[in-house]
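Protein chains in written order, with numbering that gives the first Met the number 0: chain Y, 0 to 516; chain L, 0 to 430.
Note that these hints are calculated values from the structure, not bench results.
Be aware that one or more of the hints could be misleading.
What the hints assert, rightly or not - Some but not every residue of chain Y turned toward chain L, in silico, with C-beta under 8 Å:
(1) R113
(2) R114
(3) D340
(4) G380
(5) P382
(6) L386
(7) S388
(8) T433
(9) N446
(10) P483
(11) A484
A virtual CB, placed ideally from N, CA and C, is assigned to each residue, including glycine.
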Amino acid sequence: MTQPVTELNDIQGILRSGYGSLPDAVYLLLRVSDRTKAKAWLAAIASEPGESGPAGRVTTAADLSAMQPAALQIALSASGLPALGLAQDIAAQFPRDFRVGLGSAQAEQEGACRRVGDVGANAPAHWAWGTGATVPDALLMLYANSGGLDAVTARVKTEIAGAFDIILELQTSCTLDAAGDRLENFGFKDGISQPELDWHGSRVPAEDDGLAYGNRVAAGEFLLGYANEYGLYADRPLLAPDRDRLGLLAPAEDNPAMRDLARNGSYLVFRQLEQDVGLFWRFLAAQDAASGGTALADLLVGRRLAGGAPLAMPAPQPIAGAGTDERDIRRNGFTFAADPDGLACPLGAHIRRANPRTPDLPGGRQGLISQGLRMLGLRHGGPREDLVSAARFHRILRRGRAYGTFLSREKAMQDEGSEQKRGLHFIALNADITRQFAFVQNAWLMNPTFDGLSQESDPLLGNRLDFPQGKPTSNYTLPLATGPARRLCGLPQFVTMRGGAYFFLPGLRALRFLAQS
Amino acid sequence: MLPQDGFLVAAPILPGQREAVQDLLASMNRRPGESDPWNALVPFGKFRKLHFARFVILDDQTLNDLAAYGKTFPNAPLYLAFLGDCDGPARTLLKELAEQAAPGLRRIFAHCEGFSENADLMAWMRTHSVRAAASYVNFSGRTVRQIREEAALHAILAAALKTTPAEETPQQCLSRLRQIVADSGPLVSPPAPAPVLFRLRRLVAGMLAGSAILIAATLLLLTPLILLIPIFLYWLRRLEMSDPVIAPLAQDAHIGALASLEDLDLVNQFSAFGSVKPGAFRGVTLVCILFALNFANRVIYARGRLARIGTIHFARWVLLDGGRRLFFASNYDRSLATYADDFVNKVAFGINLVFSNGIGFPRTRFLLLDGAKNERNYQHYLRRHQIVTQVWYNAYPGLTAFEINRNARIRAGLFDASMTTEQIRKFLALI
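Chain Y extracted, bound-state conformation:
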């Protein structure tokens, strides 16, 4: 058994929930304008329940046990920490990928941008925010019941006036389908597959129970200060006790002599992804006139536009952490093991690239001798086996929301509404940006040779730039049981990166520490 996660009142609620019951949300990108006032406000929103303070307090995972009419979450960027006065030597202990950032000149120069696909039209030079002078110090996420957001936003704006400047206010939109599920702008149900954080400590992650694919993932993959899938603790700032004189921080689990600034925190990846819905449907309809593009859309995504059911077959065995009710199991109780050639779900389909649902060892447990032979590579199931890494080390929690007015397929086909901007404010939570978010983006979504494919990239997210020179990435292969695969060529760029940043989502104790230090 692993230690269960008990400090729910120290964890921001977004780690536990995407606040699905609060349909309205806005994201404020902030710059610290007055350090003293900013810290005073942080102290107020991070105060212990029961202490006097403003009504707006950071919503914790513990608060989610009761219905909340509104929620406030806060995250800080690598520039925000020193802006609040965090000592340089402590800030320098944050991992390098976080410090370098998503859209900085250094990220471009060192290749971090090209690794996640932020080149060409996606390059930081074209971003609305998140590069150079537009890197925010902080991100405020405000959620409210229908109709309640304006009041919440107005109150917060009054509170932070003089402490922070607002760089940008990112609105969100909420479109529900008949079943009450949230839709992204191409019309698919969004966020219906998530890893299950192991709150109860039911797994011993370092041991090889991961020979089969599971959906329950060690707390340390998302929460800093806890053991991850390797049974290890991520690098993070640990402070000598004399740096925390007020004793605000908890001791580090792996090093009790030190105080853990990151405990119960996470890294938040924010990417504003603009979707060209008109282009998407017109291109698909041109390729697939019979269904008006919807059948092809299913094949690009790997799920049905109507209902969200996966194209892959259900798994014969239950998958740990894939949900308990019938609906969850139907949506998430599958792997691609029974579909190695991509005949049911194309190999490059979006959900297959984003989470290939691969086990540690293809074939799983089959007896010691077989396991040994397969480990040594002396027995394998064909040339394509083992091309994709084990999934459990590369999971992310997604908490994003759509923005812009929803455009139906019919209207999109008639080229209506293209002047309005719409897309997804993609938000991912993880404990190791390089091993989780950036790995998924680089090794899976953008990889032209994912799972034995050639010259293609994610059908939704690909930037379609040649890589390397002279080799297109704009194809899409539809394997057919009857003969040669059908290959779509020249997919246009449907999604464009418009801004983004890496943030640290602190625990409440850490927020109090930052407000005091």
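Starting from the known structure of chain Y, arrange chain L on it as the hints suggest.
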């Protein structure tokens, strides 16, 4: 079949010449991390049997780690290494290089010890050649020419499939493809014959290595020498429990310098350098393991995979300074993140066998267990020992080892008259 071979020329850089040689090497690049195949100094592209090549300054980042053992290595040489992987004997390729790129090589090696203006270039390179203790080739005998021809063949077939009529059966499709290829003239050459002497030498060497391993194993297991095994294990465990793990984060600037050269292509280079743990025990263990690894690479892992990893084109383990330091060089597909993921999650045992004999490696158990499984320490260890490669050449950029192997299977299928309908379908799906 013409087996691949590798050459490595290493010589200490003259004191004070490092900057100069760095600038000179930089002039061979189109941009940092990507050499110009037709650069004026060593136009790699001219050498049609050369797969990969690199110039790398073996700048030991971790020399001070010896202090953990109370040792130092005063005046450790700063080597310039020139290495490459080629078809047929390395000696032949070195000779071609000496003949056709003499002025450039002379300019480069002039910065090294013991090279004079009137030195015989070929003789000098041969004197400074270092044999690899172990090497790995993705697919034994696959030549540069074959790789390029099969890639071109694949491109023609893929283009032909774009215009597949809807009613065409797989058999008709195959016939059409065969016709297109026949009409295009000879696209692929027959396999190259290996020089008889070269092949014979390889065969004899392989047999001798195999016999040596067999005899050693027999002696160890079937004679009183078996008593050595518990002694070995006892000694090993004692060292494993006391050897310090030295895996701090690599310097920010060093990581930046390495990262900026990576992922300009689907294929990347990796160079690493560090000290072997002092003492005869580690030294002898490492030599034996590399010997066995080299044998396994020739006999077992010569057909597209090194254990579970199919993304390595060529790799090399080279002992320098009389076994005091180990240089590792490889050419691999995709990014360092996926490469390291493979090491940790697929072949940690193999990484442990070799590199746990190096200073600072994450703690192992019985040479095989733990070690690289400590992902956090291992990632730091990896970046800290990785060194900047100044010049890197790839004869077939943008082609992954998987694609190369797939193209070879496509070629084999195209000329295979005995395929069943099901096999034809699978064949067509490959293209």
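Hint-by-hint comparison with the structure:
1. R113: Holds, about 6 Å.
2. R114: 5 Å, holds
3. D340: Where the cut-off is 8 Å and the nearest Cβ of chain L is about 7 Å from D340/Y, the hint holds.
4. G380: 12 Å, violated
5. P382: Holds - the Cβ of P382/Y comes within 8 Å of chain L, reaching about 6 Å at its closest.
6. L386: 7 Å, holds
7. S388: S388/Y check passes; min Cβ-Cβ to chain L is 5 Å, inside 8 Å.
8. T433: 6 Å, holds
9. N446: At about 7 Å, which falls below the 8 Å cut-off, the nearest Cβ of chain L leaves the hint on N446/Y intact, so it holds.
10. P483: 4 Å, holds
11. A484: 6 Å, holds
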